[in-house]
Amino acid sequence: MIEALHFTFVQHALIAGVLVSLAAGIIGSLIVVNRMVFLAGGIAHASYGGIGMAVFFGLPIFLGASVFAMLAALLVATLTLHKRHHLDTFIGLIWAVGMAIGVIFTDLTPGYNVDLMSYLFGSILAVSTFDLYFMGALLALIVLVVIFWYRPILAVSYDSEYAKLRGIPVRFFYTLILVLSALTVVIAIKVVGLILVIAMLTIPVYIAEKLSGSLWQMMFYSGVFATLFTLIGLWFSYTYNLTSGASIILVSAAGLGIFLLVRRGR
Amino acid sequence: MAVIEIENLYFAYDKDIILENINLKVEPLDFLAIIGPNGGGKSTLLKLILGLLKPTKGTVRVFGEPPSKQLPHIGYVPQNTNVNTDFPIKVIEVVLIGHVGGKKSLFGYGKDEIACAMGALAQVGMEAYAHSRIGDLSGGQRQRVMIARALCAHPKILILDEPTSSIDIQGQKEIYALLKTLNKTITVIVVSHDISVILEYANKAAHVNKRLAFHDISDKRRTFHTHGNEDHFCEVELLQMLGAENCEACTNDQSSAVWKEKP
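Top line first, the protein sequences correspond to chains A and B. The opening residue of the first sequence carries number 261 in my numbering; numbering runs sequentially from there. The opening residue of the second sequence carries number 579 in my numbering; numbering runs sequentially from there.
Looking at chain A on its own, in the form it has when it is part of the complex (with noise of 0.2 Å):
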C-alpha cells in the first residue's frame, strides 16, 4: 500500500477524496437541517445534462457540469417559491429530464466511448491537477462562506419564518446553500459518481447530528467521517480493485451500521 502512494494518480485521488469529503461534510449538513435531500438529488442527476453537453460540444466536463448543476439550483431556488405545492413533482421532472438530455447528447457524439458508468459512480483515479485546483477552490469559498455568514444560514435553516421577520435575506441564502449544494455535487460525481452522491452527503452527516450540540459542530464532524470513510473505500477499493465509488459508500453504511449498535448498545 505504501508504495501506492508513490503514483501521482494515488496522490491526486487521496488529495481529491479528502478536499471532497471535507465539503460534502459541511454543505451535506446544510443539506440535511434544511431538508434538501431531495432537491440535491434533482440537482445531482439533472447535472449529467451538463456532462453530455459539455462532451457534445466538446467543452471541459467539469464547465458544463458546474454550470448545468448550477442553472438547475437556480430553476429549483425559483420553483420553491413559486409552486411549493407541487414541489417534489417538478424536482422528479428536473432529475429525470437532466438525465435524459445527458443521454442524448452522448448518443449524438461522433464516435464518443468514454465509459458512461465512470460518471454513474465516479473515476477518482483519474482526477487531474485542474479538477484539483477546482476542488480546492470550491472547497476555500465553502469554509469562508460558511465561516461570514454564519449567524444568517444558522438563522435561516433553524427558522426560516423567523428569520424573514428579523429582515434576513432568506431568499438569498437559501439560493446560496442551492448553488454551493450543486458545486459540491459536481466535485463529488468525481469522487463517488452522481448515483452514489446523495449518500455521501447523508450518511456522514447522519452520525454527526446525533454527536453535535450545534451545526458548525456537525460540519466539523460531517467532514471528518467523510474523510475517514473515503479513505478507508479507496483502501478497499485499491486493494481488491474494487470500483471506489461503491466501496466508499459501502465503507459509509458499515460504519453508520457500527455507529448504531453502539449507541443502542449504551
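Hints were generated in silico from the structure; no laboratory data involved. These numbers were taken from a predicted model, which means no experiment stands behind them. Be aware that one or more of the hints could be misleading.
If you only want the chain A side, here are some residues facing chain B, beta carbon under 7 Å, derived [said to hold, decoys possible]:
no.: 1; residue: A415
no.: 2; residue: E469
no.: 3; residue: L475
Glycine is no exception: its CB is placed at the ideal position from the N, C-alpha and C atoms.
Since the structure of chain A is already known, use the hints to place chain B on it.
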C-alpha cells in the same frame, strides 16, 4: 398613538375571502386575545400584522407605519415550536437568532449579545438551560425559549400564535403568568383556542371568523354571566357571545337579563 391600527382590511387567497372588513385598534399595554374557530383567519390576521402577507384591501399600521418598518419592535413567537427538534442547536443560539439582522457582527457572537440573550433567558426562567440542546427540552420549556428569543430584540409588542397548544396545564399557567408579568411593559397579543386566557389575563378580546368582533373585557364581572354563584364560565355560551358582532354586554352598560351581573 395606537400600537396597532387596522382599517377596513380585506384579505383573500385568489377568490377565497379569508378576512373581510376588519377594524381593530390595539392600545399601549393592552393584552389582546384573538380567538375564533380553526380556519377563521386568526393566523392570517397575525401574518398581516407582521407584514408577512399584504392586505388585498385596507391598511395595517404599527405605531402609525407599515409593519415592515416596525419589525424590530415586534417580538413574534410562532405557533409550532415542536418542529425541527432534531436540529443541532443550543438554547442560547436560538435566543441569539433574535439579534440577527439588527447588528452586523460577523465571526461569532459579541459579549454584549450573549449577556443580553442570557438576560432574556433569565426573564423567562430558563437561564439554567442555556447550553442544552433545544430538542432535549419539554414543549413548555421550548415555548419559554421562543419567548426569550422574541424578548432579545427588546420589543414593544409581543405577538404569540397559540403559545400553549402543545403544553400541559401546569406549563400553560406558567406561560400565561409570565405573559402577565411581561404585559406590565409590553403590549401582548395572543392567538388562542384556550378561552380561559381571556378571562384570566386579557383585557381585550377579538373574535375572528372572517369578520372580527371586538370586546373590551377589562371589567369581566359586568361583562360575563356565570352559572350560579360559582366562578365558572360556560365556554360554549362565551364563544357564542364573543362571536356575535354586537353583544349586549358590550353595547349596553346595564347588564341585560341574559348576561346578568355576578352577585
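To see whether the hints hold, each was checked on the structure:
1. Nearest Cβ of chain B to the Cβ of A415/A: about 5 Å, under the 7 Å cut. The hint holds.
2. Because the closest C-beta pair between E469/A and chain B is about 6 Å apart, less than 7 Å, the hint holds.
3. Of the supplied interface hints, the one on L475/A holds, with its beta-carbon coming within about 6 Å of a beta-carbon of chain B, less than 7 Å.
Hint compliance for this structure: no hint is broken.
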